[in-house]
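Line by line, the protein sequences give chains A and B. In terms of my numbering, the first sequence has 42 at position 42, counting the first letter as 1, and numbering is strictly consecutive. In terms of my numbering, the second sequence has 111 at position 111, counting the first letter as 1, and numbering is strictly consecutive.
The hints are simulated quantities; they were obtained by calculation from the structure and are not laboratory data. Treat the hints with care, since some could be wrong.
Computed, partial: chain A to chain B, Cβ under 8 Å [to be verified]: (1) R144; (2) P147; (3) Q169; (4) L172; (5) V176; (6) D177; (7) V180; (8) Y190; (9) N191; (10) T194.
Since this is a predicted model, take the numbers as computed values, not measurements. No residue lacks a Cβ here, since even glycine has one placed at the ideal position from N, Cα and C.
Number of protein chains: 2
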Amino acid sequence: MTLTYTQHYIQVTREELIIALRQRITAKRFEHVLRVEQQALALAEQYGADKEAVSIAALMHDYAKDMQLSAMATLATTYWEYPGLSEQNSNILHGFAAAQICRQEYGCCHEGILNAIAGHTIGWYQMDLIAKIVYMADYIEPGRTFPGVEVARELSAHNLDDAVWFKMQATLKYLVDERVPLFAGAIDIYNSWTKQEDL
Amino acid sequence: MTLTYTQHYIQVTREELIIALRQRITAKRFEHVLRVEQQALALAEQYGADKEAVSIAALMHDYAKDMQLSAMATLATTYWEYPGLSEQNSNILHGFAAAQICRQEYGCCHEGILNAIAGHTIGWYQMDLIAKIVYMADYIEPGRTFPGVEVARELSAHNLDDAVWFKMQATLKYLVDERVPLFAGAIDIYNSWTKQEDL
Numbered sequence: 001m002t003l004t005y006t007q008h009y010i011q012v013t014r015e016e017l018i019i020a021l022r023q024r025i026t027a028k029r030f031e032h033v034l035r036v037e038q039q040a041l042a043l044a045e046q047y048g049a050d051k052e053a054v055s056i057a058a059l060m061h062d063y064a065k066d067m068q069l070s071a072m073a074t075l076a077t078t079y080w081e082y083p084g085l086s087e088q089n090s091n092i093l094h095g096f097a098a099a100q101i102c103r104q105e106y107g108c109c110h111e112g113i114l115n116a117i118a119g120h121t122i123g124w125y126q127m128d129l130i131a132k133i134v135y136m137a138d139y140i141e142p143g144r145t146f147p148g149v150e151v152a153r154e155l156s157a158h159n160l161d162d163a164v165w166f167k168m169q170a171t172l173k174y175l176v177d178e179r180v181p182l183f184a185g186a187i188d189i190y191n192s193w194t195k196q197e198d199l
Numbered sequence: 001m002t003l004t005y006t007q008h009y010i011q012v013t014r015e016e017l018i019i020a021l022r023q024r025i026t027a028k029r030f031e032h033v034l035r036v037e038q039q040a041l042a043l044a045e046q047y048g049a050d051k052e053a054v055s056i057a058a059l060m061h062d063y064a065k066d067m068q069l070s071a072m073a074t075l076a077t078t079y080w081e082y083p084g085l086s087e088q089n090s091n092i093l094h095g096f097a098a099a100q101i102c103r104q105e106y107g108c109c110h111e112g113i114l115n116a117i118a119g120h121t122i123g124w125y126q127m128d129l130i131a132k133i134v135y136m137a138d139y140i141e142p143g144r145t146f147p148g149v150e151v152a153r154e155l156s157a158h159n160l161d162d163a164v165w166f167k168m169q170a171t172l173k174y175l176v177d178e179r180v181p182l183f184a185g186a187i188d189i190y191n192s193w194t195k196q197e198d199l
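Use the sequences and the hints to build the structure in full.
As structure tokens, then:
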């Protein structure tokens, strides 16, 4: 599935964005990102989301992942002010950094796109359809093989909120199993989800 | 296993403490507390901990659990200053409240006892032997039947640090499974454990 950008959410074409992306990340990651975009577009089709916004967010989501950690931290903290954010590792920082690149380099002002990029790893407080789709597409794209991915695919096909909950819970439990420190910002987002009564 | 208090850690005898305890909590909880004390004393025997301190912490650990929430919050925040502590539920607050009662009503100044009481639910940063024993005794006393309790008993019998890790991880994962908000103070304690290199 390909598409032509017409909404001017960013100042380049889809083709120019892909060429730039290829220069910024490893070949293996580039293939992953293209699969995420396709998965995200399929979900956008199913759930009636803005495909251009979804495509941009999906293509940008790992844009910063192969940067130096210090540069990533600088970008992330240019805009976001979570306590302790600058000391986080690349897993936490790369989404925030990519969103900032999308804002700075590509002139993006679409909050839905920027939040979807920033929150693709740890989720977000009020996730709109774009954010939920990118969050899940990154988790279930066809290259993923971890235990539980089939459940995530099944949930994504039927109820995006259930799918987002599944990923959020599974991610936290995985980190706890691995005895990895938990980022307070991610816990704050999880806590906000526990309080959304409509879910 | 019974014992006579001789160290003046608190200003009453074990018998007086038990009589007071019986008046403060439900009959069912009272039985649980007595089992926790016996379990804790058995672990104290095995690991060479101060039995009098362990007995006091075990008998006091749920002392505040049947209080009104507002009174619990007042007691807890008299001494501890965690952000958001006063808004927590009784699961989080009752240990802090009981430690404060031990300090205020029974004149206890033994930091090991007070921290063991305060941290018996969410753990503690630097847990000494008393704290680890009370934390685990509460989890594995013979009345406990939850899935995983046999693993916890096995670990407690062989390596207290492994056992504490098991409870801390299982508790967080249980809360996430139940979609319960996570207390930032508990996450901070968990994070400090992930950074203890000797574990």
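Checked hints:
no.	hint	verdict
1	R144	21 Å, violated
2	P147	15 Å, violated
3	Q169	5 Å, holds
4	L172	5 Å, holds
5	V176	5 Å, holds
6	D177	7 Å, holds
7	V180	6 Å, holds
8	Y190	7 Å, holds
9	N191	4 Å, holds
10	T194	5 Å, holds
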